[in-house]
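J.: Residue-level listing of the chains:
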Amino acid sequence: MKQDLLYFLPELVLIGTILLLIVTDFVAGTRAKAVFPFFAFVGIAGMMGAVAATFYLAPTTFFTGMVSVDDIGRFFKIIFGVSGLLGILLSVKSAEVEKADQASYYTLLTALVLGMMLLGSANHLLMLYLALEMVSVLSYILTGSLRGVRRSSEAALKYVIYGGVASGIMAYGLSLLYGMTGTMAFPEIAAFLKANAVSRPALFVSVLLVFGGIGFKIASFPFHMWCPDVYEGAPTPFTAFLSVGPKAAGFAALIRFFLVGLTTPGQDVLAGTFLAVKPVGLVEMLTVLSIATMTIGNLAALVQNNLKRLLAYSSIAHAGYLLMGFAALSQEALTAVLFYLVVYVIMNVGAFLVVLVVSNQMGVEDMAGYKGLGRRGGRGTYLALVMTVFMFSLTGIPPMAGFIGKFYLFGAVLKAGLYGLAIAGVLNSVVSLYYYVRVVKVMFFDAPDDARDIAIPAVSQSWILAGLAGLTLYLGLFWNGLATVTERSTGLYASAYAPPVAVAAPAAPEAAAPAAAPENK
Amino acid sequence: MFPYLSFMTFFPLVGAVLIALLPKEKTDLVKKVALVATLPPLAAAVKIFMTFDRGSTAMQYVEGPYNWIQAFHIQYYMGIDGLSVSMVLLTALIATISVLASWGIDKQVKGYFSLLLLLVTGMFGVFAALDFFLFYVFWEVMLLPMYFLIGIWGGPRREYAAIKFFLYTLLGSVLMLLVMLAFYFYSDGQTFNLVELAKQGLHQGPFANPHFRILCWLGLFICFAVKVPVVPFHTWLPDAHVEAPTAISVILAAVLLKMGIYGILRINYPILPQETLYFANMLAALGMINIVYGALCAMAQKDFKKLIAYSSVSHMGFCLLGMASFTPEGLNGAVLQMFNHGTITAQLFLLVGVIYDRAHHREIAGFGGLAKSMPQYATWTSFAFFAALGLPGLSGFVSEVLCFMGGFKTFRLYTIVSVSGVVLTAAYMLWTYQRVFLGQVNEKYKGLPEISAREIVTLVPLAIITLLVGIYPKFALDLLNTSMTALSQFVDAKNLAGL
Numbered sequence: 001m002k003q004d005l006l007y008f009l010p011e012l013v014l015i016g017t018i019l020l021l022i023v024t025d026f027v028a029g030t031r032a033k034a035v036f037p038f039f040a041f042v043g044i045a046g047m048m049g050a051v052a053a054t055f056y057l058a059p060t061t062f063f064t065g066m067v068s069v070d071d072i073g074r075f076f077k078i079i080f081g082v083s084g085l086l087g088i089l090l091s092v093k094s095a096e097v098e099k100a101d102q103a104s105y106y107t108l109l110t111a112l113v114l115g116m117m118l119l120g121s122a123n124h125l126l127m128l129y130l131a132l133e134m135v136s137v138l139s140y141i142l143t144g145s146l147r148g149v150r151r152s153s154e155a156a157l158k159y160v161i162y163g164g165v166a167s168g169i170m171a172y173g174l175s176l177l178y179g180m181t182g183t184m185a186f187p188e189i190a191a192f193l194k195a196n197a198v199s200r201p202a203l204f205v206s207v208l209l210v211f212g213g214i215g216f217k218i219a220s221f222p223f224h225m226w227c228p229d230v231y232e233g234a235p236t237p238f239t240a241f242l243s244v245g246p247k248a249a250g251f252a253a254l255i256r257f258f259l260v261g262l263t264t265p266g267q268d269v270l271a272g273t274f275l276a277v278k279p280v281g282l283v284e285m286l287t288v289l290s291i292a293t294m295t296i297g298n299l300a301a302l303v304q305n306n307l308k309r310l311l312a313y314s315s316i317a318h319a320g321y322l323l324m325g326f327a328a329l330s331q332e333a334l335t336a337v338l339f340y341l342v343v344y345v346i347m348n349v350g351a352f353l354v355v356l357v358v359s360n361q362m363g364v365e366d367m368a369g370y371k372g373l374g375r376r377g378g379r380g381t382y383l384a385l386v387m388t389v390f391m392f393s394l395t396g397i398p399p400m401a402g403f404i405g406k407f408y409l410f411g412a413v414l415k416a417g418l419y420g421l422a423i424a425g426v427l428n429s430v431v432s433l434y435y436y437v438r439v440v441k442v443m444f445f446d447a448p449d450d451a452r453d454i455a456i457p458a459v460s461q462s463w464i465l466a467g468l469a470g471l472t473l474y475l476g477l478f479w480n481g482l483a484t485v486t487e488r489s490t491g492l493y494a495s496a497y498a499p500p501v502a503v504a505a506p507a508a509p510e511a512a513a514p515a516a517a518p519e520n521k
Numbered sequence: 001m002f003p004y005l006s007f008m009t010f011f012p013l014v015g016a017v018l019i020a021l022l023p024k025e026k027t028d029l030v031k032k033v034a035l036v037a038t039l040p041p042l043a044a045a046v047k048i049f050m051t052f053d054r055g056s057t058a059m060q061y062v063e064g065p066y067n068w069i070q071a072f073h074i075q076y077y078m079g080i081d082g083l084s085v086s087m088v089l090l091t092a093l094i095a096t097i098s099v100l101a102s103w104g105i106d107k108q109v110k111g112y113f114s115l116l117l118l119l120v121t122g123m124f125g126v127f128a129a130l131d132f133f134l135f136y137v138f139w140e141v142m143l144l145p146m147y148f149l150i151g152i153w154g155g156p157r158r159e160y161a162a163i164k165f166f167l168y169t170l171l172g173s174v175l176m177l178l179v180m181l182a183f184y185f186y187s188d189g190q191t192f193n194l195v196e197l198a199k200q201g202l203h204q205g206p207f208a209n210p211h212f213r214i215l216c217w218l219g220l221f222i223c224f225a226v227k228v229p230v231v232p233f234h235t236w237l238p239d240a241h242v243e244a245p246t247a248i249s250v251i252l253a254a255v256l257l258k259m260g261i262y263g264i265l266r267i268n269y270p271i272l273p274q275e276t277l278y279f280a281n282m283l284a285a286l287g288m289i290n291i292v293y294g295a296l297c298a299m300a301q302k303d304f305k306k307l308i309a310y311s312s313v314s315h316m317g318f319c320l321l322g323m324a325s326f327t328p329e330g331l332n333g334a335v336l337q338m339f340n341h342g343t344i345t346a347q348l349f350l351l352v353g354v355i356y357d358r359a360h361h362r363e364i365a366g367f368g369g370l371a372k373s374m375p376q377y378a379t380w381t382s383f384a385f386f387a388a389l390g391l392p393g394l395s396g397f398v399s400e401v402l403c404f405m406g407g408f409k410t411f412r413l414y415t416i417v418s419v420s421g422v423v424l425t426a427a428y429m430l431w432t433y434q435r436v437f438l439g440q441v442n443e444k445y446k447g448l449p450e451i452s453a454r455e456i457v458t459l460v461p462l463a464i465i466t467l468l469v470g471i472y473p474k475f476a477l478d479l480l481n482t483s484m485t486a487l488s489q490f491v492d493a494k495n496l497a498g499l
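Which chain is which? The protein sequence lines are H and P, in order. In this text, residue positions in the first sequence follow the working numbering: the first is 1, and each later residue adds one. In this text, residue positions in the second sequence follow the working numbering: the first is 1, and each later residue adds one.
Calculated directly from the structure, the hints in this document are not laboratory data. The reader is advised that the hints may include incorrect statements.
Computed list of lysine-lysine pairs in DSSO-like fashion (alpha-carbon distance at most 30 Å, straight line) [unchecked claim]: (1) P:Lys302 / P:Lys446; (2) P:Lys164 / H:Lys371; (3) P:Lys24 / H:Lys371; (4) H:Lys371 / P:Lys107; (5) P:Lys107 / P:Lys26; (6) H:Lys371 / P:Lys110.
Kindly generate the complete structure, drawing on both the sequences and the hints.
T.: See below:
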């Protein structure tokens, strides 16, 4: 048990932070406004520190197999931490968030990061469901955190309704899966599927329904409808966070569910044969979903005039690209997904930060606010230049990092032999160019309506922008380090889940190494 | 050894950064810095021209391969052979000329010249890169400045032209991206090294399937065909050319179009030789269509610049016909035609720019009798026109004849039809000359100032090269002959092995 708490240290740090924030609210109330973001920031940074400090611990599962700790989980925790920190930094100087209740906003944001971490580490259907609900409920509240703003409340309500439906669907899928296999722990489900024949249609339906719940989180077709409204209605800093953090958490859950829960582990889990699920058409299902998601996202984005809606559809399209990696179901694909997520966090938060600054200054989120931004000189040109970097990166044009992300994804898809999917993916990239470039066009080709200069409210924001744009360019040219990290994260992951059965097998020498395989069932 | 190629590639980039840091008001200084940034690469080009080993088929001035991204075996690898050397020389020359031709730019001068220099970096990079990934990066890096240069400094329909150019080219390049990845995964030891890929050929995995190979060939071909442009993919070109400012049209026609042919010769030919042979007939047919269709379209144009744009479509057809023949004559002709078209069409676009700057329109029918008011201008134009229509003694003639000689051996019918393109070219060129320079003097343009010294400076080097190559083709042919002969033998040998 003591050992379990050590594994849980990063989460404990966040829980402590949340308690601290609540107590501070009681004690100091509204007098100490600035202290809430500070505490939340330090808490999340401390969580990342705790992840680093417990890095030496061998991968295992704990809390009776509910939660797992391994390199891929740590990787995701760092992603969640970084997006949480960025979310706080963006919120601090936002005119919108000023109106919200500071204490609850930052407390809920910190709790949301905790929920994402649990979602990313869930090793059990119950944990998966609970963590997903935790993330969802907190997201609803934060979306509606602008009290008295109609748009915000409306978005929250829509979010709740869609979310409720999706979660119901998922719960049904989970119950089917439990009914078939008699267990809720991911590795045991996989082992059961390997050992016993189950009804293929039933398995297919249950996987599809579970995907529904997770697909809602990542805004994948056909559960994407909430996305534009919520992104538009939520306060912009939270939208930026929502578009990267919970989305990454959804992908983390998806990885675990597919690759631990449904994969029949062999010598190499990830390159494994997926014997149980391949016949039920998992690859075909994911291929169709991926193509549908990216196509719908891209086509709908073409006609958007509001930047937040445009980025919402763009984030749907990016969910589609990421799903390509799941359709490929391989070690390379998993690495590509992780790589892409990192790049996506950087460029998407960057784009939202520009939207935030412009809407603060110009009072609009429409294209009209960007008219001639690049010709205003000074800070306007600066904003337009970094926005251009993010837009081209989202399109996937070298030398921006977005290109490298797509390069990895397409590579994995091609290697898996899914040529149709690869072609659909690249054609979608071409379509997406049109709307990303439209932003660039408006900023540079059109003349501004007035001559006033634009200001960036905080010096820190221009530095964050510089940092994100710089990273986007740097990772586009020198990504060896990040590639090594992502590869290592997925590589160790493979051996952590070799179940006791595989240890006995003579053909699995590596699998014998992690003695910490789940003993506490 | 001094890294000539990297120096040529990245020196303009340094200039671009420097310009971005200069104060906005100092437009004169910006222009001077831009000019100075293109001069050292030009000097390096002269040095390369003098020291290039004309008897060798190997890559020269090689840099690397240095590891760039180990995780994906991506290398920094530069080098040139007979195929790319002429293109590198052309790029160096056109870079300097385009800066001089941009002297009149007065809108957002800083931005213009930094983007122009960034474009130059991309162009050098494409011709010098020997690693497929590196090639791809340079290929795409060129798109961004081009998009802005057309979209901000272009004519009335600039936004439409810019996005059309961007979309067409990106469509092509994503197909190249997929093929590039397929090459990588199924090569021995997984490599992007173009020289190595050509050496091994690809036979593993799906490449054992001829249909897959054909698909790959087509993917690459569509990418390059958009750039050439080969006829069904050409519609971006007239728009982009007409809307782009003069100097950008010059770059577009003189260098960017060549990248299409260069790509086919650098990648399709050596790496997928059997498929190239399989499609040779199609290449030659497309060449013929380009020649005749381009010429007919040119003849129908009312806009001077659009006419020149279509003449480019027509002239690039000669390259296709020549290279499809796989004979040393044809391949030499194709590459020489690339170089010659680059120098001749640059003159044409510069000359159109001269008249546009003065009259502010380009309607052919709106002029008349210009030879009277601008006799020097008329002389320069007639020289360029004659070069373009293939007058013996000027460079265009040599390469067209070589293309036809090569083509006639293999594709008799296509070549016979294509020769009519020469007649059509003469027709539209002379007819245009007649309408613009001869006949009734248009009173409106009587007082137009004569071509200026700066404008003449941009034309002189191009004209000298046109004349020199026309009289003494060996001067240029020596550079390419060894490599092109080797390439035709290589493809022939692969063909025999395949049969």
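J.: Run every hint past the structure and note whether it holds.
T.: Going through the hints against the structure:
1. P:Lys302 / P:Lys446: Within the cut-off at roughly 21 Å; holds.
2. P:Lys164 / H:Lys371: Judged against 30 Å, a Cα distance of about 21 Å means the pair holds.
3. P:Lys24 / H:Lys371: Given pair Lys24 (chain P), Lys371 (chain H) holds - Cα atoms ~21 Å apart, limit 30 Å.
4. H:Lys371 / P:Lys107: Satisfied, since the Cα-Cα distance of roughly 18 Å is no more than 30 Å.
5. P:Lys107 / P:Lys26: holds (13 Å)
6. H:Lys371 / P:Lys110: With a Cα-Cα distance of about 20 Å, the restraint between Lys371 (chain H) and Lys110 (chain P) holds, given a limit of 30 Å.
When held up to the earlier numbered hints, the structure conflicts with none and fits them all.
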